[in-house]
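Residue numbers (my numbering), protein chains in the order written: chain X, 7 to 273; chain B, 26 to 323.
Treat the hints with caution; some may be incorrect.
Stated by the list, open to error - Footprint (simulated), chain B over chain X, 3 or more residues, beta carbon under 8 Å: (1) 74 to 81; (2) 96 to 104; (3) 152 to 158.
Unchecked claim - Computed cross-link-like contacts, SDA-like style, restricted to lysine to any residue with a CA-CA straight-line distance of at most 25 Å: (4) Lys127/X with Glu177/B; (5) Lys127/X with Gly209/X; (6) Lys127/X with Val152/B; (7) Lys127/X with Gly79/X; (8) Lys127/X with Phe157/B; (9) Lys127/X with Leu282/B; (10) Lys127/X with Ser74/B; (11) Lys127/X with Leu266/B; (12) Lys127/X with Ala159/X; (13) Lys127/X with Leu89/X; (14) Lys127/X with Arg154/X; (15) Lys127/X with Val186/B; (16) Lys127/X with Arg180/B.
By construction, these hints were calculated from the structure, which means they are not laboratory data.
Note that the structure is a prediction, hence the values are computed from the model and not measured.
Built from N, CA and C at the ideal position, the CB exists for glycine as well.
One-letter residues, chain by chain:
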Amino acid sequence: MDPVISEPVMSEPVTSEPVISVRGGTAALGSRPVLRGIDLTVNRGEVVALLGANGSGKSTAVRSVIGQVPLTGGGISLFGTELRRFRDWGRVGYVPQRTTAASGVPATVREVVTSGRLSRKRFGWLSRADRAAVERSIELVGLADRARDSVAALSGGQHQRVLIARALAADPELLIMDEPMAGIDLASQEILASTLREQVAGGATVLLVMHELGPLEPLIDRAVVLRDGCVVHDGPPPKAVGQHALPGHDHVHPHAAGEPLRTGLLT
Amino acid sequence: MQRALIAAVLVGITAPAVGIYLVQRRQALMGDGIGHVAMTGVGLGFLMSTNPVWMATLVSVVGAVAMELIRAYGRTRGDIALALLFYGGMAGGVLLMNMAGGSNANLLSYLFGSLSTVSEEDVTAIVLLAAFVVAVTVGLRRQLFAVSQDEEFARVTGLPVRALNLLIAVTAAVTVTVAMRVVGLLLVSALMVVPVAAAQQLTRSFRVTFVLAVVIGTGVTLSGTIITYYQDVPPGATIVLLAIGVFVVLTALAAPLARRRARVAAVAGAGSGGPGEGGDGCDVAVPSTRRSGDDVTA
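Between the sequences and the hints, there should be enough to build the whole structure, so can you do that?
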């Protein structure tokens, strides 16, 4: 398999600009405030997980990053460009939260994945490079033998793999995935994890929205936890077993009064 | 007869070509709504003694754009706004036609189609409009496919989604007026939807569905027109019933075909050792899937 090591370092001068920068972002759905001033920075090459319970605002946060939910306050930049003026969508691969890749008319895996190339070239004919990129990303998610099948005939995990292949088809530098692991089988989870590993090894920047860390945990550099539209944690991924798993915990605990910082990161 | 055949073929091509995108967006009945609105255009055309085809085009384009805007921006009351538009369009058409002194026969010819009254002028209009529809639906098929498949994703690719949505609406409106003289405004939508529905009983890809739907559309409009030449039956109704007949036949064929495909896929899956899908492949697929799943290093 050919890992897409797509030149993540651009020919333009390398800047220290973060890939994603949300500053004091507020947003509302209807009259209900969903984001209450969040700050979120994702630097080049980082894998950041956006965690939180249902209704914490994590989906709204990523959808505002890709311009699908307008902010009511604050600002967002992508690759150092204000979102309003950002046009370079070929650098962003988006995997929406979907249970299906199908629509009202049959479409093959290859046809759906090919639509991902549109962010590189919006109009005009498909080039050989386009076709090669499509085949490569289908292969990357392990669906090469299903490329000619209708997406309607696929399992839930395979649907998710199609959506990820569609995002990868444009060789993006930034991958934004909304709940990629939700409700998919173990085999697909493993393929997704290895696909993501290859992308990260190739220098991709990743923002993942997740309910829980799950099998992707070893890949994640940093976790941002949202609750009620506010960031309540920004740092190393919280361990599933909490502070009790940290070495030295036994010595700290009896004297915990003086060490309030060692506990309660998530509370 | 020649004029009728030209008009019929063009309708058979254009209606499914636009209809496939409407079906893909699950807006199969949009053509019906546009048909209602186009009625007002026909009435206006009569009242102002211009060619009803052009007037209907103008009014249905305005109506279709209004529908698209209601769909895109409207929230909870969107369906009621659409209902007002549909029935207002139909009622306005009937009233205007009456004011213009049009007969009931005139009205019926637009509602249900009347091939024998297609004029030279109508054919010119139909040819020009059909050329526009084919240019859009074939030339922009990748873009329209992406927008109709997953609108949110299409927006994130940077496509001008709003413009493309409006283009689909306008193209659908143009198609309605192309088809108006042949199948009539009340049955236009059937020709946009039924060939697509029939084709997708057998197909797995968008491309083949598109081609097959156009073939079915052309087939039923041609044969319907020829039947009306020999038998005194209304063309629109004949064409639509033929299309539904094709749908029924293809649906009956679909089940055995799917079974055969599953068998072939199972054999192929077993041969390559890959995860086989479908009934017979399970013996092979389950153990290999299980194993890779258990190896997950969480």
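Against the structure, the hints:
no.	hint	verdict
1	74 to 81	violated (count 1)
2	96 to 104	holds (count 5)
3	152 to 158	holds (count 4)
4	Lys127/X with Glu177/B	holds, 18 Å
5	Lys127/X with Gly209/X	holds, 23 Å
6	Lys127/X with Val152/B	violated, 32 Å
7	Lys127/X with Gly79/X	violated, 32 Å
8	Lys127/X with Phe157/B	holds, 24 Å
9	Lys127/X with Leu282/B	violated, 37 Å
10	Lys127/X with Ser74/B	violated, 47 Å
11	Lys127/X with Leu266/B	violated, 43 Å
12	Lys127/X with Ala159/X	violated, 29 Å
13	Lys127/X with Leu89/X	holds, 20 Å
14	Lys127/X with Arg154/X	holds, 23 Å
15	Lys127/X with Val186/B	holds, 15 Å
16	Lys127/X with Arg180/B	holds, 14 Å
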